[in-house]
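K.L.:
Sequence:
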Amino acid sequence: MIWAITNVLLSENHSVVSVNSGEEALEKVEKVPVDLVLLDFRLPGMDGVQILEKIKQIRPELPVIMVTGYGGVEEAVQSIKLGAAHYIPKPFDNDHLIETVNKSLNVTRFKKEGIFEKRLMEKIVPDKSDHGKDVQPRIVRQPRPPGKGRFAAVLSSLGVLAALGAGTFWYLSPAVREYAVSAASVSGISWGNDRVWVSDWLSENIQTYQLRDSKMEFGAKFKLKGFHVTGLARGGEFLYTCDSWKKKIYKHDLDTSLTVLASYDSPGPNPSGLYYDDNYLWSCDGTTRMIYRHSLDADLTVVESFPSQGVFPVGLYHDDRDFWSASAVEKKVYTNLMDQRFAGGRTFSLPETLDVPQQISAFTVRNGTAWIAFEGVGKLYRVSLSRLKETPP
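So the sequence shown is numbered by the numbering used here: it starts at 5 and just counts up by one.
It is worth saying that the hints were derived from the structure and are not from the lab. C-beta: ideal position from N, C-alpha, C; glycine also. Check each hint, because a few of them may be wrong.
[What the hints assert, rightly or not] Ranges of calculated distance between the beta carbons of each label pair, as one might list FRET restraints: (1) Asp323 - Ala224: 38 to 48 Å; (2) Lys35 - Glu78: 32 to 42 Å; (3) Lys85 - Ser390: 33 to 43 Å; (4) Thr260 - Asp303: 57 to 67 Å; (5) Val36 - Asp281: 16 to 26 Å; (6) Pro396 - Asp323: 36 to 46 Å; (7) Ile62 - Ser353: 17 to 27 Å.
[Said to hold, decoys possible] Restricting the straight-line Cα-Cα distance to at most 27 Å, the calculated cross-link-like pairs of lysine-lysine (DSS-like) are: (8) Lys227 - Lys252; (9) Lys255 - Lys227; (10) Lys219 - Lys35; (11) Lys219 - Lys94; (12) Lys251 - Lys219; (13) Lys251 - Lys335; (14) Lys32 - Lys251; (15) Lys94 - Lys35; (16) Lys85 - Lys35; (17) Lys229 - Lys252; (18) Lys225 - Lys251; (19) Lys255 - Lys35.
Can you build the whole structure from these sequences, using the hints too?
P.N.:
Here it is in structure tokens:
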């Protein structure tokens with residue numbers, strides 16, 4: 005049954021990843037922006053009712069679909085009283101499952117509001133009268149790209165967490181999500197205190213956003229006249245930026261003006277990205293193709309340097325095991341082993357659903373997802389790391 009349901013949901017362009025316990029499922033609900041839970045009523049250990057109650061405590065707005073046994077009317081009534089959005093009695097057919105999932109995710113409402121259409125299929129252009137004067141705008145529909153019908157839109161908004169049978173939990177997440185930002189020339193992405201900091205090198209400003217209910221909510225804008233920020237990193241009580249025009253790295257106060265507290269010579273002529281890990285500042289350079297580890301001393305001293313696998317690296321991140329970087333030119337993502345001095349490199353290509361012709365302009369990683377921007381595109385793209393495809397170097 006699990007595989008059958010998994011295949012049905014995969015056919016709807018969801019990706020499926022398993023988790024092993026109710027506790028882990030609740031952790032996913034708390035930390036990962038899932039949009040729906042599909043939950044079996046009867047499970048060993050922590051049963052479906054307990055999980056439902058805890059989900060509603062963590063995220064009251066999150067829709068939950070309960071799967072009940074044959075004739076489980078009392079179970080269904082109980083689950084609805086506890087806040088479940090829908091229930092599905094066993095046995096059920098594929099169409100019923102898909103219809104219930106889509107109804108719970110309000111796909112119909114989103115389509116009526118035109119959110120998907122405006123984002124992916126329509127372009128508003130000014131119309132002209134015979135005399136060349138502007139009249140009311142009209143909507144020009146663009147043809148659908150081959151192979152990208154309904155699910156090109158649906159992918160950007162759906163995620164499902166399912167718990168079906170024998171205590172096995174399934175987490176479904178979209179391959180790619182996109183978030184509109186007002187920065188048209190994104191050159192840096194950095195997360196700090198649940199806010200994402202975005203630099204726009206062309207407009208000479210930095211913006212902050214907060215992810216709320218799967219939408220990017222604008223926070224603040226900081227004008228940095230004369231700065232062409234090509235990378236940034238939120239670190240501790242400061243913000244670090246780099247400027248390839250001036251060949252400098254800057255340390256800013258987090259006041260309303262992002263006052264410059266210190267400036268440092270970049271170790272390379274074309275600084276293209278920054279990352280802060282609480283102990284060190286990391287920078288990369290597009291010309292030297294090197295990655296530098298800086299001590300947080302008064303001179304921002306380079307204590308180690310490593311060659312970049314990719315041509316013109318533009319973004320950095322590391323966890324305890326892997327160091328991640330992205331190449332602007334090749335549009336690929338690379339990992340190196342931290343404990344082997346950047347040996348053991350692996351190469352990944354972007355998923356086919358992320359078909360953007362422009363070069364990568366910014367990159368970072370957060371909570372198992374890559375955050376990517378492209379030159380001249382006013383959007384941030386979030387990609388599950390599990391959907392990156394390993395390729396030969």
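K.L.:
List in ascending order the numbers of the hints, as given earlier, that are violated by the structure.
P.N.:
1, 4, 6, 7, 11, 12, 14, 15, 19
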